[in-house]
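Participant: Let chain R serve as the given structure and place chain U on it in line with the hints.
Number of protein chains: 2
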Amino acid sequence: MVTIKDIANRLGIAPSTVSKGLNDANDISPELKKLVLDTAIEMGYVTKRMKKETRKRLCIFVENMQYESPEDFGFDIILGFKQAALRDNWEVTVTSMSPLLQLRDPYDRYMVKNSFHGGFLVGFALKDPWMAQLKNTTIPTVLFDNYITKNPNIAYVGTDSFEGIDLAIDHLTALGHTKIALLNGSPDSMVTINRYDAYINSMQSHDLKIDKNLVAHGYYVEDSAKYHLPTLIENGATAILCGNDLLAVGVIKECERLNIKIPQELSVVGFDNLPIAAEISPALTTINQDRIDLGRNSYAALYWLIAKVPISRSLLRPRLIVRDSTAQIPSAALSD
Amino acid sequence: MVTIKDIANRLGIAPSTVSKGLNDANDISPELKKLVLDTAIEMGYVTKRMKKETRKRLCIFVENMQYESPEDFGFDIILGFKQAALRDNWEVTVTSMSPLLQLRDPYDRYMVKNSFHGGFLVGFALKDPWMAQLKNTTIPTVLFDNYITKNPNIAYVGTDSFEGIDLAIDHLTALGHTKIALLNGSPDSMVTINRYDAYINSMQSHDLKIDKNLVAHGYYVEDSAKYHLPTLIENGATAILCGNDLLAVGVIKECERLNIKIPQELSVVGFDNLPIAAEISPALTTINQDRIDLGRNSYAALYWLIAKVPISRSLLRPRLIVRDSTAQIPSAALSD
Chain R
882 MVTIKDIANR
892 LGIAPSTVSK
902 GLNDANDISP
912 ELKKLVLDTA
922 IEMGYVTKRM
932 KKETRKRLCI
942 FVENMQYESP
952 EDFGFDIILG
962 FKQAALRDNW
972 EVTVTSMSPL
982 LQLRDPYDRY
992 MVKNSFHGGF
1002 LVGFALKDPW
1012 MAQLKNTTIP
1022 TVLFDNYITK
1032 NPNIAYVGTD
1042 SFEGIDLAID
1052 HLTALGHTKI
1062 ALLNGSPDSM
1072 VTINRYDAYI
1082 NSMQSHDLKI
1092 DKNLVAHGYY
1102 VEDSAKYHLP
1112 TLIENGATAI
1122 LCGNDLLAVG
1132 VIKECERLNI
1142 KIPQELSVVG
1152 FDNLPIAAEI
1162 SPALTTINQD
1172 RIDLGRNSYA
1182 ALYWLIAKVP
1192 ISRSLLRPRL
1202 IVRDSTAQIP
1212 SAALSD
Chain U
882 MVTIKDIANR
892 LGIAPSTVSK
902 GLNDANDISP
912 ELKKLVLDTA
922 IEMGYVTKRM
932 KKETRKRLCI
942 FVENMQYESP
952 EDFGFDIILG
962 FKQAALRDNW
972 EVTVTSMSPL
982 LQLRDPYDRY
992 MVKNSFHGGF
1002 LVGFALKDPW
1012 MAQLKNTTIP
1022 TVLFDNYITK
1032 NPNIAYVGTD
1042 SFEGIDLAID
1052 HLTALGHTKI
1062 ALLNGSPDSM
1072 VTINRYDAYI
1082 NSMQSHDLKI
1092 DKNLVAHGYY
1102 VEDSAKYHLP
1112 TLIENGATAI
1122 LCGNDLLAVG
1132 VIKECERLNI
1142 KIPQELSVVG
1152 FDNLPIAAEI
1162 SPALTTINQD
1172 RIDLGRNSYA
1182 ALYWLIAKVP
1192 ISRSLLRPRL
1202 IVRDSTAQIP
1212 SAALSD
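Heads up: the protein sequence lines correspond to chains R and U, in order. Going by this note's numbering, 939 is the number at position 58 of the first sequence; the sequence numbering is gapless. Going by this note's numbering, 1173 is the number at position 292 of the second sequence; the sequence numbering is gapless.
Keep in mind that the hints were calculated from the coordinates and are not lab data. Just to be clear, a hint being listed does not mean it is correct.
Given that identical chains are not distinguished, each listed pair holds provided it fits within a single copy or across any two copies.
What the hints assert, rightly or not - Derived DSS-like pairs (lysine-lysine); straight-line CA-CA distance at most 27 angstroms:
1) K963 - K1189
2) K1016 - K914
3) K1031 - K1090
4) K1060 - K901
5) K963 - K994
6) K901 - K886
7) K1060 - K1031
8) K901 - K915
9) K994 - K1008
Bound-form chain R, shown alone (with noise of 0.2 angstroms):
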């Protein structure tokens, strides 16, 4: 058990002024009462404000990602996480971030100044101040569609892109197509390098031949899909499995300009079941994350790493649904 006593010996400066930086006193230097709060965590000293905390606390962090309708994506991941953790009476903050919030403090001292248990973090970019940070942490941390290699206090969350990819080739295969387009998301995150070693999978295992010309990567909304797909058609593409529904939606829409009929001439595929995936016309054929389950699942996941159990990974299982965007592949393609 780490004392103040230990912390002063450390620092070779008095208890008492210890003591001062870890109750935020305003006679210390704000320099000196970091560098105690840091070492205080290094040295794993629990704070007797975290002692006598009466609520368990924990904070959802948001970046990149829409969350606040229905109809965004991260919205039921952060409800699944609440209506689990509130069950255990755990009070949940959600916290918008962004790279220079980040920059302010250091993840763990954000976490131990806010008195935060245990963090649960979505949609961060591989460059993030704080990705680099969380190799060290010692806060549990659950990262969505993110992986720290090494480190028994981070468990990673998502859904298998690995499985999803290779169910919508299956079908893709099945309904004749061989020319199968993937337009990707953003390159800087791990779900666009998982999607793409899952397509360059699938389409081995399908003994399908892979074509660069036919691998493009764009960003994860609507308006990215146009600068891709001329290219992509050009190349011989009947079919287009996008990295998330919004590069469909935005595939659908560029067809209707161009005059390209879906599912007639191309068949396309999302990825995520968003809400517009059921409501576009003709309706998205994709694959599905439970982001309830996602988020219920990220709260088991912070659950054990706060209790000391090393969870690494936690994946669940995707399921693709069939909607109006796909069909078999045009006659006229057989020909070519």
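Facilitator: What follows is chain U alone, placed relative to chain R:
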């Protein structure tokens, strides 16, 4: 909701006959009884006995693995599972399995007949009869160290072999070893395949040459080591990474017989951290699988599957336990 009448209509027999089949009556033939039960399972009928059952029942099936005494690999896994399950008021049965017993009853029928709500399968081989049936099972089932694709009723639980092997190779390369051999276990298990892939991956990421003469497959028993050790040494190995602790113990004993000094002349690393790893001389450096946590985590995954959350895989972090069987590469080997 499926009724007895629905089953009767489907089979073209009287409802009273269906009822006899479901209630294990003596005046219908065993063949018809099986047909009734299988049809009921397929149609999702819940028997009265299952509804009445006041105790909720789970079954752990163990094959190819010792679990009776605390030294055995399976002991703590079962203990951890039971501890977690009993807290939720489940009754847990442990059953030894064999391929022959699996031929007597298909998995789903066995589970329904015995009113089990979920199963936890430990130590099964890829070629086991039940493994093929699990592809389509409707019974919530957790597999230790085995993976079935595309069935939302099945989860895979284990320790991350990739990270484990990578930790061991980090350690050995830091000690100067480059000729690191892999003495792996039986090729008909998923874990063996994973550890082989992990070895190849990690050797590559450490910029080490992969030499097929430094890879051998034996069985996960002590006695297997002696058949492979001489060849690995002849081929220049200065360190041997073993598929489990029993193989590593076999290597240590055989080295004693051959008068090869560990760790001065050869470094040895195990996998599992069984009690014997700390007791043998020299004490074995090994990759720890926390088996109590594996048991708890397996129960947690089964709990979620029963609640219809389609967990696909849930892995734990390994830890490297450095003891006395690894050391700096001998200077003689360096000059090779």
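Participant: If a hint holds in the structure, say so; if it does not, say that too.
Facilitator: How the hints compare with the structure:
1. For a Cα distance limit of 27 angstroms, the shortest separation of K963 from K1189 qualifies both inside one copy, at 21 angstroms, and across copies, at 18 angstroms.
2. Taking identical chains as interchangeable, the C-alpha atoms of K1016 and K914 lie at most 27 angstroms apart only when both belong to the same chain, with a minimum of 24 angstroms there against 58 angstroms between chains.
3. Taking the closest pair of Cα atoms, K1031 and K1090 come within 27 angstroms of each other only across two copies (24 angstroms); inside a single copy the shortest separation is 36 angstroms, beyond that limit.
4. In the homo-oligomer, the alpha carbons of K1060 and K901 never lie at most 27 angstroms apart, since the shortest distance is 67 angstroms inside one protomer and 54 angstroms across protomers.
5. Proximity of K963 to K994 under the C-alpha cut-off of 27 angstroms is restricted to the intra-copy arrangement: shortest distance 22 angstroms within a copy versus 38 angstroms between copies.
6. Taking the shortest Cα distances, K901 and K886 sit within 27 angstroms of each other inside one copy (13 angstroms), while across copies they are farther apart (75 angstroms).
7. In the homo-oligomer, the alpha carbons of K1060 and K1031 lie at most 27 angstroms apart only across protomers (24 angstroms), although the nearest pairing inside one protomer, at 39 angstroms, exceeds that limit.
8. Taking the shortest Cα distances, K901 and K915 sit within 27 angstroms of each other inside one copy (11 angstroms), while across copies they are farther apart (75 angstroms).
9. Proximity of K994 and K1008 under a CA criterion of 27 angstroms is satisfied intra-copy only: 24 angstroms inside one chain copy versus 54 angstroms between copies.
In summary, the structure is inconsistent with hint 4 from the numbered list given earlier, while agreeing with all the others.
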